[in-house]
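The listed protein sequences derive, respectively, from chains A and B.
Numbering that gives the first Met the number 0 puts the first residue of the first sequence at 0, with every later residue one more than the last.
Numbering that gives the first Met the number 0 puts the first residue of the second sequence at 0, with every later residue one more than the last.
If you are wondering where the hints come from, they were derived from the structure by calculation, not from laboratory data.
Careful: at least some of the hints might be erroneous.
Said to hold, decoys possible - Here are the computed distance ranges between Cβ atoms for each label pair:
hint	chain 1	residue 1	chain 2	residue 2	range
1	A	R123	B	E122	45 to 51 Å
2	A	K198	B	E288	51 to 57 Å
3	A	A14	B	V3	55 to 61 Å
As the list claims (entries may be wrong) - Within a straight-line C-alpha distance of at most 27 Å, the following computed DSS-like cross-link-like pairs (lysine-lysine) qualify:
hint	chain 1	residue 1	chain 2	residue 2
4	B	K188	A	K93
5	A	K122	A	K5
6	A	K93	B	K207
Glycine included, each C-beta is placed from N, C-alpha and C at the ideal position.
Spelled out, the chains give:
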Amino acid sequence: MTKLIKIESLFVETAGKKILNGVDLEINHNEIQALLGPNASGKSTLAYTILGLPNYKVKKGKFFWGKKEISKLAIEERCKLGISLVWQSPPVIKGVTLLHLLESISKTKFNNKRLNLDSRFTKREINLGFSGGEKKLSELLQVVSLKPKLVILDEIDSGLDIKNLENVARVIKQEFINKGVSVLLITHSGTILKYLQPKITNVMVDGKIICKEKDCLKVLETIKKYGYEKCKKCKLLAN
Amino acid sequence: MKNVKNVNYWQIDHQIKQIVAIKGVIVLPILEAWEKFEWVKLYFKQKPQEGYFVWVKKQINFPLSTCITIASPNTIQELMNFLVIEKRINVKAIVNCNTQKNDLCGKHIARGKLILKDGASLEYNHFHRWGQNDLVNPDYEFFLEKNSNLIYNYQNLFPPKDLNLTTSIYSKENSSCQANFIINGLNSKINLNETIFLDENNSRGILKLRLVGRENAEISAQSKIIANAEGVGHLDCQGLLVDRRSNISLTPKLICKCNEAQLTHEASIGRISEDQLNYLRTRGLTEEEALNLITTGFLSCN
């Protein structure tokens, strides 16, 4: 079976600093994977590299979209292929309403009601004065409208209260998982994993994926018990 | 221009194409008004040749509109426009000055006098659209009498090669004004001089500039508020530089001649952040589309 995305031995630098040190990752069609790791372990760098952000220089390694090598492709071209990112800290775009952006990028007619959003919400300027929960929903709304094949959710669970977290998880299930969209859940706390049960949970430390495990709860328990610093020594890694 | 049948004054090159009379509003070529009304002569040093005269004597319930166009190559317009709003009348005006083609090398010189009598209110929406070789030089004066209110919106998203825009607002007791200038400087040399004079007590004025410098643009803005009496004024000047070949110079100036006046200003010139560009590109927009969206957003900021 052809992989949706396949990353081989990826080395990435940003601002002259080595961040990723040989990452291997494969995600199939209709598959949820998680990427756990402490702060500054390289999780977001991996996301930005997959998206093609110019400040993230691929020094070595390849990545394939199906059979196509895409490491030279421009950001917007990757988006057109079906790769989308829910940003952890999206920037403010003053004077541009969320509605205006959605109308510019939407592949289909979007529907506020499906995401439990007040219609006034989309008339606000993008990310200006948004609460943590509103930012996440705005991001999801944009990504849903792009009809992606792979969604990378960067720290989607950070800074959310339980009600917002449940709502976000519901939207992810409804709009992506139930529709066969592949998902890469990047999280350092792992809070969202109990709602979404990934097929594979990857652990990244120091720019390298050091563990791949099917049972996400087992990984979370291990991390809770030993912390990320001791992750390299854990029994799961040995397996 | 669309829907020209409703335009009150429509001029192409030097020819008046249409004047639409309305009950309570006198619309004339300026030369005719100059000859007909002695008091008009007080406002002009020279005999005017072309331009409009609009005198609103009664309340109207729809916007006034004018349109002055350059349609032939090398046309030089020297306009004198005159608008008078009588006491306690509220008016909205839509004013278009433009070119029909991008390469006509026209020259548009306009002197405007606008008078708001006691308690009058005017929203003056002034749209410019020019070609890349046009030279444009408007000089507008607004006279705000007691208790009057002006909102002046100047928008120029298609600037000429050279734009020299001068605006002066004279404010009497208890009058207020807000002047907003939105200019997308594309490969263009732009010089702005705008001044609010707070001449009598309790006059209030806000000057707001949103200027974008793109594609070799050279923009210079001298914005002033002069308080000659107890009044309140604020300058808000913001520039956005889109590329390295453009430059913007902002000079906000506050002159206070009355110790009970309160004047403030804020000014900044920024650039588009890479984060914003990348963010929009991850939504499938090209770099050019992302730049245009951010620029449009900046120019539409309230």
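For the pair supplied as a hint, K122(A) and K5(A), confirm whether the alpha-carbon distance does not exceed 27 Å. violated, 38 Å
Using the C-beta atoms of R123(A) and E122(B), is the stated range 45 to 51 Å upheld? With Cβ atoms ~25 Å apart, the hint is violated.
Is the hinted range of 51 to 57 Å satisfied by the C-beta distance from K198(A) to E288(B)? Cβ of K198(A) to Cβ of E288(B): about 36 Å, so the range 51 to 57 Å is violated.
Holds or violated: K188(B) to K93(A), with C-alpha atoms at most 27 Å apart: Holds. K188(B) to K93(A) sits at ~26 Å (cutoff 27 Å).
When you take the CB atoms of A14(A) and V3(B), is the distance between them in 55 to 61 Å? holds, 57 Å
Are K93(A) and K207(B) close enough, with their CA atoms no more than 27 Å apart? holds, 16 Å
Checked against the numbered hints given earlier, this structure breaks hints 1, 2 and 5; the rest are met.
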